[in-house]
Amino acid sequence: MNKLKTILVVLAMFFGGQLFAEGIDFKQITFEEALTQAQQENKLVFIDFYTEWCGPCKMMANNVFPNERVGNLYNREFINIQLDAEKEGKEAARKYGVNAYPTTVFINGKGEMVYKKVGYRDIPDAITMGKEAIAAVSNGYSMADLKAEYEGKKNDERFLKLYIAKMIEYREEPYDAIEAWLKVQTEIKENDVDMMEYLFDHRKFLLIDGKAEEILKTNYNEYFDIATRAEEKTLESLQATMVYNTRQLAYKTRDARLMRAFITSWKELPGSAEKADELKGYELNYCFLANDGEAYKQLATAYMDSMMGAKTLEQIRTEDQAAYDDYKATKYAPSIMGNLTLEKMAEGVEATAQKDAIVKIGSKFLKFTENKKEYKQVLSWIEYGDQLMPGNSDLQKLRADVIRKKENTEN
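Mapping of the sequence shown onto mature numbering (1 follows the signal peptide of the UniProt record, and there is no 0): residues -21 to -1, 1 to 390, in sequence order.
Incorrect hints may have been included.
[Stated by the list, open to error] Pairs of lysine to aspartate or glutamate residues, derived as EDC-like cross-links and limited to a Cα-Cα distance of at most 20 Å, are as follows:
| no. | residue 1 | residue 2 |
| --- | --- | --- |
| 1 | Lys212 | Asp173 |
| 2 | Lys276 | Glu215 |
| 3 | Lys110 | Asp188 |
| 4 | Lys37 | Glu1 |
| 5 | Lys212 | Glu158 |
| 6 | Lys74 | Asp188 |
| 7 | Lys231 | Glu1 |
| 8 | Lys183 | Asp204 |
| 9 | Lys290 | Glu262 |
| 10 | Lys310 | Asp335 |
| 11 | Lys276 | Glu253 |
| 12 | Lys133 | Asp188 |
| 13 | Lys37 | Glu111 |
| 14 | Lys66 | Asp104 |
| 15 | Lys339 | Asp188 |
[Claimed, not checked] Here are the in silico distance ranges between beta carbons for each label pair:
| no. | residue 1 | residue 2 | range |
| --- | --- | --- | --- |
| 16 | Ser372 | Glu215 | 20 to 30 Å |
| 17 | Ser372 | Ile205 | 35 to 45 Å |
| 18 | Glu273 | Gln375 | 51 to 61 Å |
| 19 | Pro35 | Ala274 | 17 to 27 Å |
| 20 | Lys126 | Asp204 | 17 to 27 Å |
| 21 | Asn350 | Ala379 | 16 to 26 Å |
| 22 | Glu386 | Asp101 | 54 to 64 Å |
| 23 | Lys246 | Asp204 | 26 to 36 Å |
| 24 | Glu253 | Glu201 | 30 to 40 Å |
| 25 | Asp171 | Glu273 | 16 to 26 Å |
| 26 | Ile205 | Trp32 | 27 to 37 Å |
| 27 | Glu253 | Gln375 | 51 to 61 Å |
| 28 | Arg55 | Val172 | 25 to 35 Å |
| 29 | Asn350 | Glu130 | 39 to 49 Å |
Quick caveat, the hints were computed from the structure, so don't treat them as lab data.
Computed from a prediction, not measured in an experiment: that's the story for all the values here.
The C-beta atom is built at its ideal place from N, Cα and C for all residues, glycine as well.
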């Protein structure tokens, strides 16, 4: 009996020790509380950004985070938290550029990012990642340190090269840093094949109206002479890539100056002259970013009048029905995507596009409305949309927003 008790005690101690020793101890605290604790204990915060639907996230949660060696390192060195990037961690995910999952981020108590990795990590990788985050702080090569030094080192090509590499590694966008490096670099001749390849390799981060565009235009013919057939295609599309990069950054930063630069260059692209509706949309977006209410309202009214007058409601319904019938008969195959597409087609392709335009333009128009006539204008668009898609929730919400603002203005 005593022997049995001894065995049970030993087993309890063993399994109890394992229970408390194994795995990362993720604190059930908020992001703000984690920052406070990190400052108090002079530690980094380790954040596991996940989503409910992410398979690799679940694999790390089940196979990596419970590991004793991983837990020993992370519990000793970091304040550990998990954030659902689509729920309570949405703002933090946006702040640290999290757009793929899993993403693991290490930040200091000030909220500055020190280290970041994207994708699944096995046990050895997780341990290496933790050690590299610690080393990044001690060697001064953390992202927070590099960002702090950037303004004072825009003429230091060695620093800029390191900074660009780190930003790309951390899935950040080094638009400005690449421009700065191209202006001061001395290691590559601008007409050399190596410069062409540098532009190709970094094409996601090149903008118009800067050094990158100047190099491309000055050396385009020479690059074309030395390019392989595959590289010729990349070279031919590079200007357009830079133009659309500029549009993307303009929207992201809400920069009207960049938006105007994009529009000017977009007009010069082949085929843009045949895309009048796109240009109208871009001009509308420019006016909104520039906070030019009068210009926006004028352009929006003309755009909506043109859209609603182009086809009768009966034409739209007939064309949408024909498109639905054709898809169902010739392209539809039962599947998640196939069923979803069929459902969307049933709502009407053109009807949905026009409804989306009413909601998008009407919502922005509402920001600048000042009188009954303008409120009535938006409501007339909504009434037109109701005929296309009766009972649509997006249109109902916009109508409620119009009525609410109108009542607040009158009161």
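Hints and how they fare:
1. Distance hint between Lys212 and Asp173 is fulfilled; the C-alpha atoms sit about 17 Å from each other, no more than 20 Å.
2. The hinted pair formed by Lys276 and Glu215 fails the criterion: a straight-line CA distance of about 38 Å is larger than 20 Å.
3. As the CA atoms of Lys110 and Asp188 are separated by approximately 41 Å, the hinted pair breaks the 20 Å bound.
4. Restraint check: the Cα-Cα separation between Lys37 and Glu1 comes to about 18 Å, which is no more than 20 Å; the hinted pair holds.
5. Using a Cα cut-off of 20 Å, the hinted pair Lys212 and Glu158 is violated, with the two alpha carbons roughly 23 Å apart.
6. Our distance criterion of 20 Å between C-alpha atoms is broken by Lys74 and Asp188, whose separation comes to about 27 Å.
7. A threshold of 20 Å between alpha carbons decides the hint, and for Lys231 with Glu1 the separation of about 42 Å lies outside it, so the pair is violated.
8. In summary, the hint linking Lys183 to Asp204 is not supported, as the alpha carbons are separated by about 23 Å, beyond the 20 Å threshold.
9. In summary, the hint linking Lys290 to Glu262 is not supported, as the alpha carbons are separated by about 23 Å, beyond the 20 Å threshold.
10. Taking the CA atoms of Lys310 and Asp335, the gap is about 25 Å. The hint is violated against a cut of 20 Å.
11. As the CA atoms of Lys276 and Glu253 are separated by approximately 24 Å, the hinted pair breaks the 20 Å bound.
12. This hinted pair checks out: Lys133 and Asp188 have alpha carbons roughly 18 Å apart, not beyond 20 Å.
13. Between Lys37 and Glu111 the CA atoms are separated by roughly 23 Å; this puts the pair beyond 20 Å, and the hint is violated.
14. Annotation: proposed proximity of Lys66 to Asp104 is violated, straight-line Cα distance about 27 Å (limit 20 Å).
15. At most 20 Å may separate the alpha-carbon atoms for a hinted pair to count; Lys339 and Asp188 exceed this at roughly 29 Å.
16. Take Ser372 and Glu215: their Cβ atoms lie about 44 Å apart, and the range 20 to 30 Å is violated.
17. Here the CB-CB span from Ser372 to Ile205 is close to 56 Å, at odds with the stated 35 to 45 Å.
18. At about 29 Å, the beta-carbon gap between Glu273 and Gln375 misses the expected band of 51 to 61 Å.
19. Checked against the given bound of 17 to 27 Å, the beta carbons of Pro35 and Ala274, roughly 47 Å apart, lie outside it.
20. The hinted range of 17 to 27 Å is not satisfied by Lys126 and Asp204, whose Cβ atoms lie roughly 40 Å apart.
21. For Asn350 and Ala379, the Cβ-Cβ distance of about 20 Å falls inside the hinted range of 16 to 26 Å, so the restraint holds.
22. Taking the beta carbon of each, Glu386 and Asp101 are about 58 Å apart, inside 54 to 64 Å as hinted.
23. At roughly 28 Å, the beta-carbon separation of Lys246 and Asp204 lies within the given 26 to 36 Å, and the hint holds.
24. At roughly 31 Å, the beta-carbon separation of Glu253 and Glu201 lies within the given 30 to 40 Å, and the hint holds.
25. Taken as a hint, the range 16 to 26 Å is violated for the pair Asp171 and Glu273, whose Cβ atoms sit roughly 50 Å apart.
26. In this structure, Ile205 and Trp32 break the distance hint of 27 to 37 Å, their C-beta atoms being roughly 46 Å apart.
27. The hinted window of 51 to 61 Å between Glu253 and Gln375 is violated, with their beta carbons roughly 36 Å apart.
28. Distance hint check: the CB atoms of Arg55 and Val172 are about 49 Å apart, inconsistent with the given range 25 to 35 Å.
29. Distance hint for Asn350 and Glu130: a CB-CB separation of about 46 Å, consistent with the stated range 39 to 49 Å.
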